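Residue numbers (the numbering used here), protein chains in the order written: chain A, 1 to 208; chain B, 1 to 346; chain C, 1 to 149.
Calculated from the structure, these hints are not laboratory results.
Just so you know, these numbers come straight off a predicted model, no measurement behind them.
Backbone N, C-alpha and C define an ideal beta-carbon position, used for all residues, glycine too.
It is possible that part of the hints are untrue.
With a cut-off of at most 30 Å between alpha-carbon atoms, the simulated BS3-like pairs for lysine-lysine come out as follows [what the hints assert, rightly or not]:
{"hint": "1", "chain 1": "C", "residue 1": "K52", "chain 2": "B", "residue 2": "K336"}
{"hint": "2", "chain 1": "B", "residue 1": "K267", "chain 2": "B", "residue 2": "K339"}
{"hint": "3", "chain 1": "C", "residue 1": "K117", "chain 2": "B", "residue 2": "K336"}
{"hint": "4", "chain 1": "B", "residue 1": "K339", "chain 2": "C", "residue 2": "K52"}
{"hint": "5", "chain 1": "B", "residue 1": "K27", "chain 2": "A", "residue 2": "K204"}
{"hint": "6", "chain 1": "C", "residue 1": "K64", "chain 2": "B", "residue 2": "K226"}
{"hint": "7", "chain 1": "C", "residue 1": "K64", "chain 2": "C", "residue 2": "K141"}
{"hint": "8", "chain 1": "A", "residue 1": "K179", "chain 2": "B", "residue 2": "K27"}
{"hint": "9", "chain 1": "C", "residue 1": "K141", "chain 2": "B", "residue 2": "K226"}
{"hint": "10", "chain 1": "B", "residue 1": "K149", "chain 2": "B", "residue 2": "K226"}
{"hint": "11", "chain 1": "A", "residue 1": "K83", "chain 2": "A", "residue 2": "K204"}
{"hint": "12", "chain 1": "A", "residue 1": "K83", "chain 2": "B", "residue 2": "K149"}
{"hint": "13", "chain 1": "B", "residue 1": "K226", "chain 2": "B", "residue 2": "K336"}
{"hint": "14", "chain 1": "C", "residue 1": "K64", "chain 2": "C", "residue 2": "K52"}
{"hint": "15", "chain 1": "B", "residue 1": "K124", "chain 2": "B", "residue 2": "K149"}
{"hint": "16", "chain 1": "B", "residue 1": "K267", "chain 2": "B", "residue 2": "K336"}
{"hint": "17", "chain 1": "A", "residue 1": "K83", "chain 2": "A", "residue 2": "K179"}
{"hint": "18", "chain 1": "B", "residue 1": "K226", "chain 2": "B", "residue 2": "K170"}
{"hint": "19", "chain 1": "A", "residue 1": "K83", "chain 2": "B", "residue 2": "K131"}
{"hint": "20", "chain 1": "B", "residue 1": "K226", "chain 2": "B", "residue 2": "K339"}
{"hint": "21", "chain 1": "C", "residue 1": "K117", "chain 2": "C", "residue 2": "K141"}
{"hint": "22", "chain 1": "C", "residue 1": "K64", "chain 2": "B", "residue 2": "K336"}
{"hint": "23", "chain 1": "B", "residue 1": "K149", "chain 2": "B", "residue 2": "K170"}
{"hint": "24", "chain 1": "B", "residue 1": "K27", "chain 2": "A", "residue 2": "K159"}
{"hint": "25", "chain 1": "C", "residue 1": "K125", "chain 2": "C", "residue 2": "K52"}
{"hint": "26", "chain 1": "B", "residue 1": "K124", "chain 2": "C", "residue 2": "K117"}
{"hint": "27", "chain 1": "B", "residue 1": "K226", "chain 2": "B", "residue 2": "K267"}
{"hint": "28", "chain 1": "B", "residue 1": "K124", "chain 2": "B", "residue 2": "K170"}
{"hint": "29", "chain 1": "B", "residue 1": "K226", "chain 2": "C", "residue 2": "K125"}
{"hint": "30", "chain 1": "B", "residue 1": "K149", "chain 2": "B", "residue 2": "K131"}
{"hint": "31", "chain 1": "C", "residue 1": "K64", "chain 2": "C", "residue 2": "K117"}
{"hint": "32", "chain 1": "B", "residue 1": "K170", "chain 2": "B", "residue 2": "K131"}
{"hint": "33", "chain 1": "A", "residue 1": "K83", "chain 2": "B", "residue 2": "K27"}
{"hint": "34", "chain 1": "B", "residue 1": "K339", "chain 2": "C", "residue 2": "K117"}
{"hint": "35", "chain 1": "B", "residue 1": "K339", "chain 2": "C", "residue 2": "K125"}
{"hint": "36", "chain 1": "B", "residue 1": "K267", "chain 2": "C", "residue 2": "K117"}
{"hint": "37", "chain 1": "C", "residue 1": "K125", "chain 2": "C", "residue 2": "K64"}
Not close to chain B: a few residues of chain A, all C-beta gaps over 10 Å, as computed [to be verified]:
{"hint": "38", "residue": "D56"}
{"hint": "39", "residue": "M110"}
{"hint": "40", "residue": "G182"}
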Amino acid sequence: MIPGSWEMENGRKILHAPSHSLVAHLSDREINAAIIEACRQGDRDAFRALYDIYKDQVYSISLYFFHGDQAAASDVTQHVFLKLMTGIGRFRGDAEFSTWLYRLVVNACMDAARRRKPAAEISDRHLEMFAAPDSQEEAYARRQMASSVRAGVSALPPKFRIAVLLRHFEDLSYEQMAKILGCSMGTVASRLSRGHKILAERLKGLME
Amino acid sequence: MKIFTRHVSRELAAYFDGELMRPTAAKVERHIGQCALCQAEYQQVQRGMAMVEQLPSVVAPDEIWQSIDVTLNAEPREKQIWQWALAATAVLVLVGIAYWRAGLGSGAQWDVVRLDGRPVVGAKYISGTGKIAPGEWMETDSSSRAGIKIGDIGSVEVEPNTRVRVVTAKPGEHRLALARGEIRAKISAPPRLFFVDTAAGTAVDLGCEYSLDTDENGTGLLRVTKGWVSFQWKGLESLVPAGASCHIRSRIGPGIPYFDDAPEALKQALAQGGDAALSTILGESRIRDTLTLWHLLSRVNPNERERVYDRIAALTPVPAGVSREQALRLDQETLKHWKEELAWTW
Amino acid sequence: MLRLGLAASAAALLVVAEGFTFTIGSPVASQEFQMKSAAFVFRTEGCVEPAKAQIGGTAEGLVKGTRRSVVLKVATGARPGVYAVYQNWPAEGDWVVNLKGTCANASAGAVVPIGPKGFIRESSKFYSRPATDAEVETSLKTLAQGGNK
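Pulled out of the complex, with its shape left as it was, chain A reads as follows (with noise of 0.2 Å):
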């Protein structure tokens, strides 16, 4: 043991520290490894922690993937995480996991697309502004700003619009997203070129 060096025991990152060192902190997203682990091991509390670990992201995902709609939302979430649940023996390491989460986000995500009526086309001129449900700007000028720029992410194509909130949301490598998405690393970067651009074109005068 070396102190000051960090160690992965039951799901926490523990700091080997001289007796005047701070301890470690518990919620570190390095501590997935031990965590799935655990989950592994049948720890249902550890399956609970997983989900608080990337509950808001998927949540956060689904919601901006079906226009603010938080029944669909909530229902992709629910769904992803019983599926993930009953596999997750299957997983061996974190960077494996979070590959295999997302995508069972994006076939959530395009299944349910797929199933619903399609979505009515908003137009450039009458970007709907939907309320953030749980929206942090302080400032209305922000708030409007976020509406316009979730209006305009609604109206993307499927695919663009996976690809934007997938790097949005997670610190993805194009690599992993390439995985996620099940397309070359090229395409997920040709998607993330159009659907920006696309995106920038549609609210041009948000922030001139």
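Since chain A is already given, all that's left is putting chains B and C on it; use the hints.
Just chains B and C now, with coordinates in the frame of chain A:
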């Protein structure tokens, strides 16, 4: 990425995110510097990304987890559990092990291995290895023992003089029915995937170490050796920490938990119940036995509740935020806060 | 104004300093799943900013007559001021946990004997300063002689 002489529209996001190999990134950069169209598009991509940065993360509603919890808890035991006749003593020991994998199809058969003697599956003796399917019974006599591989999530040892049936063998539900005898399970799975039905109730948290005994009348004892278990039955809940036990009765649910090192008189009084018993419980209780007293609060008659409250208050200071009036009214937030503080003495 | 400010700061420090102690408990007291397998949990009391408390310690043991010391594995959870101690000392021998903490200019200490069934609450000692070597040795010796079990 390919070496290109064409426009670089498709690579702009990757260039911005630093995902291009250095030589390619250098080529893109040079091109942007020389091509007005790509330069304009690059600015658009950057603006688009800046706009998306405005999207806040949204906190997932609490109801989602509750739905997940309900889905995981949903089970048809109400239809099955009261149909079995229970006899003799059974012991269930659940211990967490290191692995679990899904993949068991509905109605799949589980592997069985003979450990001693001549265990029977259905009408067939198992001499080495065999299978057991949903609906089939396994029975051991006084000199037999067997092991059952529970899908991919663990195994169960079936002790002598035991009769156990596989009810369900699915990825989301691995269920046994213990008619009599003793089984010891070693399971590694998220909780609520492995069930052993008896008339004694259900231990909710499978992430701990505990034993569950039921006798032929359906009376059971939950004993926790590591962690803690919340034992629930039809809305009745008992929190049983390590070093404590809790009686369980068929159609009554979990009793009042008590520490195993509690005074014998207290334990006996708990088992007996009644007014005289309450006096004994209160008189014999130590600080640690506030575990018992806290659970008693919501299970005694209102006129007895004051006595229980006063005894807890005499044993350990009532924390700030817990008022006598609210505690006696069984205000849930008050009781929850009090339990959280009392837990430091358990 | 400066003098008043200094006086106010000193008063604040005094408030912080008073009553800084440890309370120990079984893992159930933490209410956190990650701490279920901890040897015991503890919390600080009387610390105005628990997140800034400096906490640590050692496990002091006597193994076959040889004196051992192991830096403690202490982890925090979601609740500020609540910590878990995980056993990283050998199962063999007799061990006590020597906890130390500082909060602003206050200190606290505790010596917690570990028995075959876990931490021994009744024999644990709490101080408003780190335990002295003599206090640790006394506790360890008592434990080794079977006095605490």
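Outcome of the hint check:
no.: 1; hint: K52(C) <-> K336(B); verdict: holds, 27 Å
no.: 2; hint: K267(B) <-> K339(B); verdict: holds, 21 Å
no.: 3; hint: K117(C) <-> K336(B); verdict: holds, 28 Å
no.: 4; hint: K339(B) <-> K52(C); verdict: holds, 27 Å
no.: 5; hint: K27(B) <-> K204(A); verdict: holds, 28 Å
no.: 6; hint: K64(C) <-> K226(B); verdict: holds, 28 Å
no.: 7; hint: K64(C) <-> K141(C); verdict: holds, 13 Å
no.: 8; hint: K179(A) <-> K27(B); verdict: holds, 26 Å
no.: 9; hint: K141(C) <-> K226(B); verdict: holds, 28 Å
no.: 10; hint: K149(B) <-> K226(B); verdict: holds, 24 Å
no.: 11; hint: K83(A) <-> K204(A); verdict: violated, 40 Å
no.: 12; hint: K83(A) <-> K149(B); verdict: holds, 23 Å
no.: 13; hint: K226(B) <-> K336(B); verdict: holds, 22 Å
no.: 14; hint: K64(C) <-> K52(C); verdict: violated, 39 Å
no.: 15; hint: K124(B) <-> K149(B); verdict: holds, 18 Å
no.: 16; hint: K267(B) <-> K336(B); verdict: holds, 24 Å
no.: 17; hint: K83(A) <-> K179(A); verdict: holds, 18 Å
no.: 18; hint: K226(B) <-> K170(B); verdict: holds, 28 Å
no.: 19; hint: K83(A) <-> K131(B); verdict: holds, 28 Å
no.: 20; hint: K226(B) <-> K339(B); verdict: holds, 19 Å
no.: 21; hint: K117(C) <-> K141(C); verdict: holds, 18 Å
no.: 22; hint: K64(C) <-> K336(B); verdict: violated, 46 Å
no.: 23; hint: K149(B) <-> K170(B); verdict: holds, 13 Å
no.: 24; hint: K27(B) <-> K159(A); verdict: holds, 28 Å
no.: 25; hint: K125(C) <-> K52(C); verdict: holds, 24 Å
no.: 26; hint: K124(B) <-> K117(C); verdict: violated, 45 Å
no.: 27; hint: K226(B) <-> K267(B); verdict: holds, 21 Å
no.: 28; hint: K124(B) <-> K170(B); verdict: holds, 24 Å
no.: 29; hint: K226(B) <-> K125(C); verdict: holds, 24 Å
no.: 30; hint: K149(B) <-> K131(B); verdict: holds, 9 Å
no.: 31; hint: K64(C) <-> K117(C); verdict: holds, 20 Å
no.: 32; hint: K170(B) <-> K131(B); verdict: holds, 15 Å
no.: 33; hint: K83(A) <-> K27(B); verdict: violated, 43 Å
no.: 34; hint: K339(B) <-> K117(C); verdict: holds, 23 Å
no.: 35; hint: K339(B) <-> K125(C); verdict: holds, 24 Å
no.: 36; hint: K267(B) <-> K117(C); verdict: holds, 20 Å
no.: 37; hint: K125(C) <-> K64(C); verdict: holds, 25 Å
no.: 38; hint: D56; verdict: violated, 5 Å
no.: 39; hint: M110; verdict: holds, 19 Å
no.: 40; hint: G182; verdict: holds, 18 Å
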